[in-house]
Amino acid sequence: MGSASASDLLVRIALVTGLVAMALAAAIALQVLRLRRDRLRRQARAERFLAAWRPRVYDAALGAVPADLPPLSAEDDQTFLLLWNQVQDGLRGPPRAGLNALARRVGARTIALRRLGARGPAARLVALRTLGHFGEAEDFETVRVFLGERSPVMCLAAARALAHIDPVRAVEVVWPRLVARQDWPVAQVATMLREADGALVGDALLRSLPALAPADRRRLLPLVALLDEVRAGQAVASLLSTAEDQDSLAVALQHLRAPALLPEVVRLAAHPAWPVRTQAASALGRLGGPAERPCLVGLLSDPEWWVRYRAAQALRAGRFGGAAGLAALAPGLTDRFARDMVAHVLAEGAP
Amino acid sequence: MTLQDLLSASQWLFLGYLVVLHLAYLALDAVALRVIGREVEAGAAGLLPSAFSGLEPPITLIVPAYNEEATIAASLWSLLQLEYPSFEIVVVNDGSRDRTLEVLVAEFGLRPFPEAYHAALPTRTVRGLYRAGRFPALRVIDKENGGKADALNAGINASHSPLVCVVDADSVLQRDSLQKIVRPMMEDPRVVAVGGTIRLANGCHVSEGFLDRVDLPRGWLARIQVVEYLRAFLFGRLGWSPMNALLIVSGAFGLFRKEAVVEAGGYRTDTVGEDMELVVRLHRLRRVAGRRRPHRIVYVADPICWTEAPESLKVLRSQRMRWQRGLLESLAANRRLLFHPRGGAAGWLAFPFMLLFEGLGPLVELVGWGVLVLAALVGGISWSAFLAWLLAALGLSLLLSVSALLLEERSFHLYEQPRQLLVLLGAILLENLGYRQLTAWWRLQAVVLWLARRPGRWGAMQRTASWQAGARPPG
Chain A
128 MGSASASDLL VRIALVTGLV AMALAAAIAL QVLRLRRDRL RRQARAERFL AAWRPRVYDA
188 ALGAVPADLP PLSAEDDQTF LLLWNQVQDG LRGPPRAGLN ALARRVGART IALRRLGARG
248 PAARLVALRT LGHFGEAEDF ETVRVFLGER SPVMCLAAAR ALAHIDPVRA VEVVWPRLVA
308 RQDWPVAQVA TMLREADGAL VGDALLRSLP ALAPADRRRL LPLVALLDEV RAGQAVASLL
368 STAEDQDSLA VALQHLRAPA LLPEVVRLAA HPAWPVRTQA ASALGRLGGP AERPCLVGLL
428 SDPEWWVRYR AAQALRAGRF GGAAGLAALA PGLTDRFARD MVAHVLAEGA P
Chain B
75 MTLQDLLSAS QWLFLGYLVV LHLAYLALDA VALRVIGREV EAGAAGLLPS AFSGLEPPIT
135 LIVPAYNEEA TIAASLWSLL QLEYPSFEIV VVNDGSRDRT LEVLVAEFGL RPFPEAYHAA
195 LPTRTVRGLY RAGRFPALRV IDKENGGKAD ALNAGINASH SPLVCVVDAD SVLQRDSLQK
255 IVRPMMEDPR VVAVGGTIRL ANGCHVSEGF LDRVDLPRGW LARIQVVEYL RAFLFGRLGW
315 SPMNALLIVS GAFGLFRKEA VVEAGGYRTD TVGEDMELVV RLHRLRRVAG RRRPHRIVYV
375 ADPICWTEAP ESLKVLRSQR MRWQRGLLES LAANRRLLFH PRGGAAGWLA FPFMLLFEGL
435 GPLVELVGWG VLVLAALVGG ISWSAFLAWL LAALGLSLLL SVSALLLEER SFHLYEQPRQ
495 LLVLLGAILL ENLGYRQLTA WWRLQAVVLW LARRPGRWGA MQRTASWQAG ARPPG
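One line per chain: the protein sequences are A and B, in this order. Taken in order, the first sequence gives residues 128 to 478; the numbers are from this note's numbering. Taken in order, the second sequence gives residues 75 to 549; the numbers are from this note's numbering.
Chain B on its own, in the form it takes in the complex (with noise of 0.2 Å):
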């Protein structure tokens, strides 16, 4: 095989690559389509009573706190106004190094309570329990730090409630968000877990603690991002739950069976994507594993949690190598499920496009373009082939993110005034110049990161939370 025929055979496999990512992509923005059409219905549905039927079960909400001395008592004013019949707030300081809990026990007027904790799940050790004079829905956990699973396994062993939600202590969810993220689980008994729609909170504003105008944010860092998340969850999440293939409930706003999670074994601590890791586990246990039973993993597009994004580069980088990790070392973890007989479309669809699109997509990528770029400078190929190459990676791009963008048109369209629609246009034109070659070039370090098993951290996230300024109540 000579040289000209390698080089051929690489540019036919990675046309193929490209190719195939993106009709399966495409695939999943029609299911997602016809999705929508059912959520825009049950949003006319609006004319239906909308009041508590009652019959709402009760639900923890765990709020992990680690160095949040800034945002937490705005975060914690906007979830106590939340509207929803029967509900709890288990914060857990997860050994922060600031003032964190200070902040809370001055803000609620916290008070040490000697509660029958019964530790169902192993956590590093609890220091103390507080409880809140004025808010008995409000209790924090003291304890040392062990990352943000020991920290939800802690919150999961204080609820008091069937249903658990976590939360992120940057977040501000909107009023209504239990209410209709609770629904799949009352209509549904077997439904273990429900993810909801996170978006981008940069550039918005809240007021009493709830988000009172959406905006966008100012820098095109964070704006792209906006395009990455409707991309991730109209129609990356919305195509997979109808098959029961969801493989991601996202950490910063996802509710769980209290009863499923712990019979799991709750998080694992040794990983850092550890929301999708309990997720596949669930569908692992559920489908392959002696536990078998029927069980449902859902995603709503409508409740909205709202959390910030990375303005910078190096916090950025930070996420998208965590995040990549984390999904290598769930798959990994629970690599059982892969073509399993029992697997379902979990095993058999979701889990190799996760594998290959994702997992290892950044490393087909790169190295792709790497060979293409090097050809056409030794003359392998001509410029003009390395064009339509160009041309080709551009326009399905570009078909992906319009689709996601005709979708949120098509559905919720939060962005309401025009200038905002031609921002997000613009966005995703300059998404594929650049930020989508260093985000690929981030997420290959960190696969390489993961295969030389170096250990994987979370990393800061340095907050401006500028958006919060008008969270608390008055009064």
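Looking at chain A on its own, in the form it has when it is part of the complex (with noise of 0.2 Å):
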């Protein structure tokens, strides 16, 4: 009797698990039909849009704001918003005034403030590139907040905002966060800020290298190949005199312009750290002369792959004796490993 109750209720479990799993089940299929056709209806309303307001928008680029604007719904806003800043993102130069004259004759920029408080990511990424685009002193402070966000990606659309609207004092407010914050996409973060204006950048990039921690230093590195020459130079000087990690010697042997500099390059050519010896062979073959082939020869044996290609390389340029000179090296080698990078890099630059 216990075993049949205990199977009667199995099979009353097992029944409502299907009931109940298939009842999910449509519920969810209902959900994707619907959530089909009403991105269906928005797309078709969105074509309807582009189809009357690209037109004008485009006028308004070339200088000529339509008189004729069709009233903007609230449900287009977000349609308005990203054609507008579509065209201005392909705009060069000056002749913005048209656009934004149009915008300020529909309200995009109340508009755009409006949606910074929407629950959507993409209403609010959208409201924070128009107000970039505005480029309004007054909304610094308003965009600055989303600076605060966990989200990295709002971060970056504050950072390229705040960039548009006051370069100058984007830098000091976006820097020391991108150094604090981990998960914030360097690369992108800079490119950001170098599109408003790169020498800021590598002034901010300068002053912090010597106070970096070295987990933020190496995050930040990279950052010196984007630096015109005359900050390169100078932030390989600041890493060669205080850094010993191998990351940023790596990165000063790489961005090294300065021959004054080439005893400290030997000397790093026989680094324990493969990538500094690496670039210390690259740095050897750019700027060193019959001085420093001995010890490019040296690396030639080098037990990494790269340090001999990049010294091998380094060797067949002209003042080292080109190619017939790195030719001529190989019977005298005694390391089969670097006969055969001389072979390599000789077929390399075969005809």
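Derived from the structure by calculation, the hints contain no laboratory data. Since the structure is predicted, the reported quantities are computational estimates derived from the model, not experimental observations. Glycine included, each C-beta is placed from N, C-alpha and C at the ideal position.
Simulated restraints on C-beta separations:
no.	chain 1	residue 1	chain 2	residue 2	range
1	A	R231	B	M317	42 to 50 Å
2	B	R208	A	G449	22 to 30 Å
3	A	Q158	B	R249	28 to 36 Å
Reference listing, derived: stretches of chain A covered by chain B, where coverage requires no fewer than 3 residues with Cβ under 8 Å from a Cβ of chain B:
no.	region
4	153-164
5	431-444
With the hints in hand, could you dock these two chains into one complex?
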């Protein structure tokens, strides 16, 4: 009897589980269909809107704000802002006055400020972009608040808008957060700030470098590649004098352009970390002369492929004797890997 | 204990198993729903500048090729057009018995090259290295046949970049796939591997090397696999990734830090699941072995790789048996990760999940159904009780599949036509009427063969590649 009732209970549980799961599955399937229907409707509406508005926005971009603007309903706010931002992004130089005049006529800035409070991230992202394009100084603080958002994407959008509104202040407020926030994609933030003023980013990096913790420095080091030659030279000098970690030294050697530091490079060619030796070989090839040749020849027998490769490439350069000089080296090399690398690099340069 | 008691106990166990299995998947689904929101948000960040920053690290694409004469040229034309500032392609001809090498030589003007090849990972003998004069970024290694893992190791040896991306020779990437898959590596130095989404190219149309029209396959066998892939990638992998418990990065498209792979010893050549085994091993070595250090293995849903699904039962059977065996081999080889005090979510959640629900799942499922059918036939349970069981299993299975469809609809909605949506709903229904049971049977066979220590084989994938007709660029 006990067994029978347990069995009945089991069947009832199975039945209820099945019915509940079926009902949920049906509800989700209906939700999928509803989402699809809504999306198709939105798309159709957006297409109609764009057909009517795109020519007008293009005219405005050319400086002629059309007199006959159709009414802009709240449902089309996002489509309008997207279109307006896309056209803004496609422009170079000053003819933004017409676009801004058009946006003012339809109250786009007010719309953007309102949409900063929207639930969907896309609405807030577009709103931030819009405020960036308007470039009104009074919006700086409103936008700045978004640098504190948890989502890095939202922070990036805010950083970009700030850089458009006031590049100098933007670097001041964004840079310390870029250092502090491990989750911000360094390259993208730097690209955004650079859109506004690359020199400002370079100066901020130079100021920060000596004081950065090793982990932060490692994260921000790739930005040296974005600096102009003068600032890169200053960064290199700063790194070579203060840094001990292999990443910093490798980056410093990568951007080294000052022959005066060659003795330091020769010293680093014996560094235990191969990325440092690789960059040292490249730097010797770029800046060195006959005095550095023995060091490069020694690097042909390095245990690491990349060090041998860079050394052989360097030795193929004219001032080290060119391809003929490199070929002449081969018979005297006792290390098989060094000989292989010489053959490799000579073949690369062959017609 | 009477037979009736035994039957009752086994039913309780089976019901418990089904419910826990589906609850676990639904929990992953819930995580994935949250993550997909962020992915969509990141998509909205198309508003942010997407131009290259100049800081992107170089990538070596490794393309192992075995008897790929029909598709290799088209695949490479497609790969050569990828948008990324610095990448090279290393094709590894793994002792093909067809004209793969000849096709490559003729199509790309390859010439032998005295490469200073450094075998950091042991492989079968390399017979020669070739370069393409017109395409300096393309190199080909010709080696003795040693299997996919051996070919990948040879490709890693020949790579000149800190990041290696493995791509199947029959796959088509999206133009910006590399740009997207590299992001986690650029943003977080702890990331050692990134997996991308695989979708099925059957039925799609390729033009000038890239997919320009997404459609569904014509046959229901491949259509059902579309649903399977949605489930596997959209909430299988998306769910595990935030917990750093992702145990699979597909061999068809995955990005790795070369240093991490070489340090781990490269791909194992004694398994048919070399892609999963490497990922589980990376978790194990970096969590519980001597080389312990912080790491992350990440899945990104957006970069999509299109590949061909089997359209015949024979090939599908071979594929599923290989996957099942690969799973078991990967878990067995890295069993120290299971419930290890430092195993983290990978050792305490993903590993037991994979073992119980994916590894031993077919066994439990088929034995459970076998007992129920037998019990119904001999009168141990009533037919109405049997139908209640069927309803529970069907309901739970449908719930999972439509959840995957919901994720797709809320994120990428690649199947844009309403007709395609209805076909997918049809495939979800059909999957439960024979397909699911058949694949469970094949997987069970693989479990038995593995337990019996019978050697596994890769098997041959017969590719139609009709979707690749327009893969070569004009001129």
